[in-house]
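Chains A and B, in that order, are what the protein sequence lines are. So the number in our numbering is just where the residue sits in the first sequence, counting from 1, plus 74. For the second sequence, position 62 matches number 54 in our numbering, and the numbering has no gaps at all.
Among these hints, one or two may not hold up.
To list a few chain A residues with every Cβ distance to chain B over 10 Å, as calculated [stated by the list, open to error]:
| hint | residue |
| --- | --- |
| 1 | Y157 |
| 2 | Q298 |
| 3 | K380 |
| 4 | G383 |
Footprint (simulated), chain A over chain B, 3 or more residues, beta carbon under 8 Å [unchecked claim]:
| hint | region |
| --- | --- |
| 5 | 35 to 47 |
| 6 | 86 to 100 |
| 7 | 159 to 170 |
| 8 | 176 to 187 |
| 9 | 201 to 214 |
No lab work stands behind these hints, which were simulated from the structure alone. C-beta atoms are modelled at their ideal positions from N, C-alpha and C, and glycine is treated no differently.
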Amino acid sequence: MAGGAVSASQAGAPATRDPAAKKPRITERAKAERRLAYLLCAPAVLAMLLVTGYPVGYAIYLSLQRFDLRFPDDKEFVGLDNYVNVLTSTTWWSDFLSTAIITVASVSIELVLGMALALVMHRAIFGRGAVRASVLIPYGIVTVVAAFAWRFAFDPSTGFVAGLPLIADDAAPLTDTFGSYVVIIMTEVWKTTPFMALLLLAGLALVPDELHEAAKVDGASAVQRFFRITLPLMKPAILVALLFRTLDAFRVFDSVFILTAGANNTETVSILGFNQLINRLNLGIGSAVSVLIFLCVIIIAVAFVKGLGANTDTARGT
Amino acid sequence: MRSTTGRERLLWSIGLLVVLLYALIPVVWIISLSLKETADIADGNFLPTGGVSFDNYTSLFESGEFLDPLRNSIIAAAVATFLSILLAAMAAYAISRLNFPGKTLILSAALALAIFPPISVVGSLFDLWREIGLFDTLIGLIIPYMTFALPLAIYTLSAFFREIPWELEQAAQVDGATPFQAFRKIIVPLAAPGVFTAAILVFIFAWNDFLFAITLTSTDASRTVPAALAFFTGSSQFADPTGSIAAAAVVVTIPIIIMVLIFQRRIVAGLTAGAVKG
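Please build the complete structure, drawing on both the sequences and the hints.
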């Protein structure tokens, strides 16, 4: 140990006023520990910066250019023209609306179903393992596969759905707008409810049983106990689950691509970005869409954290 | 366990049944579709009542349009998992054991990446990969998979590492073990379950990807199964690809389902690790 060194716990103390009394404010051991820590974290941090930070910067740069890969020689700085183009187009706004519809509908249904599922798992009398195993199946299945399963099921030529009682034999939901939304939302809900349920189950485990017992003694009904005890105590867990699922649902791509490819007014903002970037090779407009989606995600996250008080620090257990 | 009435047991059984049906219907449906004879694909029955056949599977593996993507999927997911876990384990060790400023910054960066929309970088990566020759290569896929899996891996691993009784390492050294022996005999066995869990989660994540797979690849040289499924044409020009798609879907689904069922406890622990604390 370096003699006379200030203890590491004082590292955050205000700087010494007297420059003559300059002493190492942290011990050699603490310094070595920091060096090792930075060394260990460097590869992961570098990877994250290089593969997301840099491309986002590049996307912002591209979004300010007229840049169509089919006419690469016409590349030219155009300022905010691409953003003006996108934001004044009806396509962006109708795609934004369909993304919002899919997001809000699927996340709300997931919250209710996920809560029911979490309560079922929490109060398991027997077969807890079977329930847990079966809710993990949708989580493990490739989204594209799930989307194909539902597409074939609802397609009147291959599917069994049209043959079910109470459903018209020629029902072809994926050919009309309403039906397409129903199937897309269903696919999303099916795939991601388990994740929601597991997050909620973990929150449910934190609600002390004694509170329920006490409320029971005082004559509170099960419904009252759920709304007055369980829900308020689970608020942090619910908000985090909602935040993550909302941001995830907002970038919905796979299931829409397979089910409708954006037909019947179901095009989402991610599909729009993909079409501009990869199908039309218009990197300028496409990048503007990408940057706008990125901004939307930031706005949603900030709204959750500031507006609803979702606390990701305590929630993700730092 | 508290005593239960017959009514409670009945309600619970119904709940259990509903959950099982919910999870299994699409899976049973796609398996059943894949086992139908070509003539029965369009019969609209839920089960292959017209007879079970493996024709879809044999033609799938003979056509060759599936084997390359399957190989690509396995390599891309496995390599990305290995790299991601390696980088994340180093970072998670530092985060859970060492004292250094900037710890929260790294966790916030990981959190930011977890909610990051991949569509915002695919255009840039598409252009960059074309410039530097990574377009339509497996490395070009492995790099984004590895990176986008890092938040999941870092959070899961730091949560697991925090639970490890690290004092045992010193105790072993006091008892005469070398630092390496202490690490290999004490720490590795204790950390292995957490690392394994994180690896499963990362593998499922990479296996599931569709967006990068259709934007950064263009041929079967690097196309993975989800992307290949979207471009499936069937074994011949006139064949309806439904049967082939169903069979391919089953092939990529069954291993994951088996893995999920075997390691369900760990996966649940991993998914909720540190997710809700206080």
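For this session: Determine whether the non-interface label on A:Y157 survives the test: each CB of chain B must be over 10 Å from its CB.
Result: Correct as stated: the minimum Cβ-Cβ distance to chain B is 14 Å, above 10 Å.
Exercise. If you look at each residue in the region 201 to 214 of chain B, do at least three have a Cβ nearer than 8 Å to any Cβ of chain A?
Worked result: holds (count 4)
Problem set entry | Non-interface claim for A:K380, where every Cβ of chain B lies beyond 10 Å | With a cut-off of 10 Å, A:K380 remains clear of chain B, as the shortest Cβ separation is near 15 Å.
Exercise. For the region 35 to 47 of chain B, do at least 3 residues have a Cβ located nearer than 8 Å to some Cβ of chain A?
Worked result: holds (count 3)
Problem set entry | Proximity test - 8 Å, beta-carbon atoms, the region 159 to 170 of chain B to chain A, at least three hits | violated (count 0)
Exercise. If you look at each residue in the region 176 to 187 of chain B, do at least three have a Cβ nearer than 8 Å to any Cβ of chain A?
Worked result: Violated - the region 176 to 187 of chain B has 0 residues with a Cβ nearer than 8 Å to chain A, which falls short of three.
Problem set entry | chain B versus A:Q298 - minimum CB to CB distance exceeding 10 Å, so not interface | For A:Q298, whose nearest Cβ neighbour in chain B is about 19 Å away, the distance exceeds 10 Å, so it holds.
Exercise. Beyond 10 Å from chain B, beta-carbon-wise, is A:G383?
Worked result: holds, 15 Å
Exercise. Do three or more residues of the region 86 to 100 of chain B come closer than 8 Å to chain A, measuring C-beta to C-beta?
Worked result: holds (count 11)
Violation of the numbered hints given earlier is confined to hints 7 and 8; the remaining hints are satisfied by the structure.
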